[in-house]
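A.B. asks: Guided by the hints, dock chain A onto chain D, whose structure is given.
Listed here are the chains, written in short residue letters.
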Amino acid sequence: MSNALFSQAALEHIDALYGYAMTLTRDANEAEDLVQETYVRAAGASNRPDGDGLKAWMFVIMRNAWLNQVRHVNSGPRFVDLDGNESVEMSNNPHVVYLRKLEREQVRKAIESLPDAYREIVVLRDIEGFTYQEIATVLHCPAGTVMSRLGRARGKLRTLLSSWHSALSVKSMAVGKR
Amino acid sequence: MNNCDDIRGRLTLYLDNELQGDERGAVEAHLTECETCAAVLARELNFLNAVRESGPLHVASPALRARVAAILSDGRAPAVEPRVAAKPHRSGSRLSWVVAVAAVLLVLLLPMFLWRVMDQSATPHGQPSSFALMAKDTHLRRARGQLPLEVESASPQNISDWFSNKVMFSVKLPNYQESSGQEKLYTLEGARLVSFESDYAAYVAYRMKDRPISLVITSDSLAKPSGGEEIASRGLKFHYNAIDGLKVITWSDRGLTYALVSDLDERGQQSCIVCHEGTKDRDFIEPLKPKS
Numbered sequence: 002m003s004n005a006l007f008s009q010a011a012l013e014h015i016d017a018l019y020g021y022a023m024t025l026t027r028d029a030n031e032a033e034d035l036v037q038e039t040y041v042r043a044a045g046a047s048n049r050p051d052g053d054g055l056k057a058w059m060f061v062i063m064r065n066a067w068l069n070q071v072r073h074v075n076s077g078p079r080f081v082d083l084d085g086n087e088s089v090e091m092s093n094n095p096h097v098v099y100l101r102k103l104e105r106e107q108v109r110k111a112i113e114s115l116p117d118a119y120r121e122i123v124v125l126r127d128i129e130g131f132t133y134q135e136i137a138t139v140l141h142c143p144a145g146t147v148m149s150r151l152g153r154a155r156g157k158l159r160t161l162l163s164s165w166h167s168a169l170s171v172k173s174m175a176v177g178k179r
Numbered sequence: 073m074n075n076c077d078d079i080r081g082r083l084t085l086y087l088d089n090e091l092q093g094d095e096r097g098a099v100e101a102h103l104t105e106c107e108t109c110a111a112v113l114a115r116e117l118n119f120l121n122a123v124r125e126s127g128p129l130h131v132a133s134p135a136l137r138a139r140v141a142a143i144l145s146d147g148r149a150p151a152v153e154p155r156v157a158a159k160p161h162r163s164g165s166r167l168s169w170v171v172a173v174a175a176v177l178l179v180l181l182l183p184m185f186l187w188r189v190m191d192q193s194a195t196p197h198g199q200p201s202s203f204a205l206m207a208k209d210t211h212l213r214r215a216r217g218q219l220p221l222e223v224e225s226a227s228p229q230n231i232s233d234w235f236s237n238k239v240m241f242s243v244k245l246p247n248y249q250e251s252s253g254q255e256k257l258y259t260l261e262g263a264r265l266v267s268f269e270s271d272y273a274a275y276v277a278y279r280m281k282d283r284p285i286s287l288v289i290t291s292d293s294l295a296k297p298s299g300g301e302e303i304a305s306r307g308l309k310f311h312y313n314a315i316d317g318l319k320v321i322t323w324s325d326r327g328l329t330y331a332l333v334s335d336l337d338e339r340g341q342q343s344c345i346v347c348h349e350g351t352k353d354r355d356f357i358e359p360l361k362p363k364s
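As given, the protein sequences belong to chains D and A, one line each in that order.
Counting from 2, one number per residue, gives the positions in the first sequence under this note's numbering.
Counting from 73, one number per residue, gives the positions in the second sequence under this note's numbering.
Next up, chain D with everything else stripped away, as it sits in the complex (with noise of 0.2 angstroms):
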């Protein structure tokens, strides 16, 4: 693969390596800095992949850079706000939208509220779309591995969800009575 073949088709997983870095950091300077650092690994790399692979191969590589980097650091887990730049949605249905937003903003806060090895693996399945295999590669173990940590992490998911959505019910509730 050519340089400029390899750097149009890097730059287009930027956006995934950043949320991958926040997913591994939960600080947006962190973040960034550990996408810099992927990129100036992966560009001085002699292996790089073609097509399909480099997405996986860059993750693994801001995977190991992380860990190089964190294990000397305290980073403690810190509550990323996600709602800050969200910009005003605009619909027909204003309560269509109210609810979609809702809905979403739950979801988010759910999956960064997950300890850290469910999110990972969360993010690497349902937000990138990685194969088993592929985040068995990036995280460095089994396929099976894989399969059950993502089943415990869904339905720790499923959790946190069902009780917030019945607490936002009781709340409703309680609204509509006055």
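What the hints contain is simulated information worked out from the structure, not anything from laboratory work.
For clarity, every value in this text was computed on a predicted model and none was experimentally measured.
Take the hints with a grain of salt, since some may be wrong.
[As the list claims (entries may be wrong)] Taking beta-carbon pairs under 10 angstroms as the criterion, some of the chain D residues facing chain A (in silico): (1) 11; (2) 128; (3) 134; (4) 138; (5) 141; (6) 158.
[Claimed, not checked] Derived pair list, reagent style PhoX-like, types lysine-lysine, alpha-carbon separation capped at 25 angstroms: (7) D:110 x D:157; (8) A:244 x A:296; (9) A:296 x A:309; (10) A:296 x A:238; (11) A:296 x D:102; (12) A:238 x D:110; (13) D:102 x D:157; (14) A:309 x A:244; (15) D:102 x A:244; (16) A:238 x D:102.
For every residue, glycine included, the Cβ atom is placed at its ideal position computed from N, Cα and C.
C.D. replies: Relative to chain D, chain A alone:
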């Protein structure tokens, strides 16, 4: 073999597209016959769709994209050292020195900074907005063939529909040429999403005389037009900037901010006239024409 327990144990694999050939066929065959399992599948699919549609959780900023593009173009490392690597625990005395020096610099430099900000705001032809710069960069990538479209269509309706569930605002592309009956001067090529301020903006690609024209749309809560030459027309304020040899026009209207980028020869506001020369737009373009 194809009992319900067996099938339900494989539903997740099926939905994750991890089953192939006969295994996949067996699940699909069972689902057509068993309403109970089909209902379980539907619930699971709803849940997974809700999770999958919650993404992207984060979007790279234009600044990060520019730094990465620089890394890829010439292989150089970013000018700023990675913050993660530069985060060792400092001793208390060293940290206090840093804070003290920073405080002194702040006191010395603050008046100069404020003067510059006030000076810029007082200048009618100020710097282009970050949105205008992003639109210019995006246009250049498109012109270089580095920005593939996610949807290709010459129909404004198709493009508008494509954006409906992808951006947090409503995109309704007009069909000026059809409504005005004017000669077809430009063609719609397609669209894609581009990142701006941790969110997605809508990018629409046009072409005129074999030259690309870019339209970028975002919410006006994220971008305000500024800088350049300001022209008012029918209650709208257009800002014309010439950036790196390109014409960039930004304006806000009904909750959205637009940036139109081209390398057309026409001067500033005349870029609008090129596309809006139809009879229905005469009121709109008249104030934009150069005064003789």
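A.B. asks: A separate judgement is required for each hint: does it hold in the structure or not?
C.D. replies: Evaluation of the provided hints:
no.: 1; hint: 11; result: 6 angstroms, holds
no.: 2; hint: 128; result: 4 angstroms, holds
no.: 3; hint: 134; result: 9 angstroms, holds
no.: 4; hint: 138; result: 15 angstroms, violated
no.: 5; hint: 141; result: 19 angstroms, violated
no.: 6; hint: 158; result: 7 angstroms, holds
no.: 7; hint: D:110 x D:157; result: 13 angstroms, holds
no.: 8; hint: A:244 x A:296; result: 20 angstroms, holds
no.: 9; hint: A:296 x A:309; result: 11 angstroms, holds
no.: 10; hint: A:296 x A:238; result: 22 angstroms, holds
no.: 11; hint: A:296 x D:102; result: 24 angstroms, holds
no.: 12; hint: A:238 x D:110; result: 19 angstroms, holds
no.: 13; hint: D:102 x D:157; result: 22 angstroms, holds
no.: 14; hint: A:309 x A:244; result: 20 angstroms, holds
no.: 15; hint: D:102 x A:244; result: 20 angstroms, holds
no.: 16; hint: A:238 x D:102; result: 12 angstroms, holds
Hint violations for this structure: numbers 4 and 5, all remaining hints satisfied.
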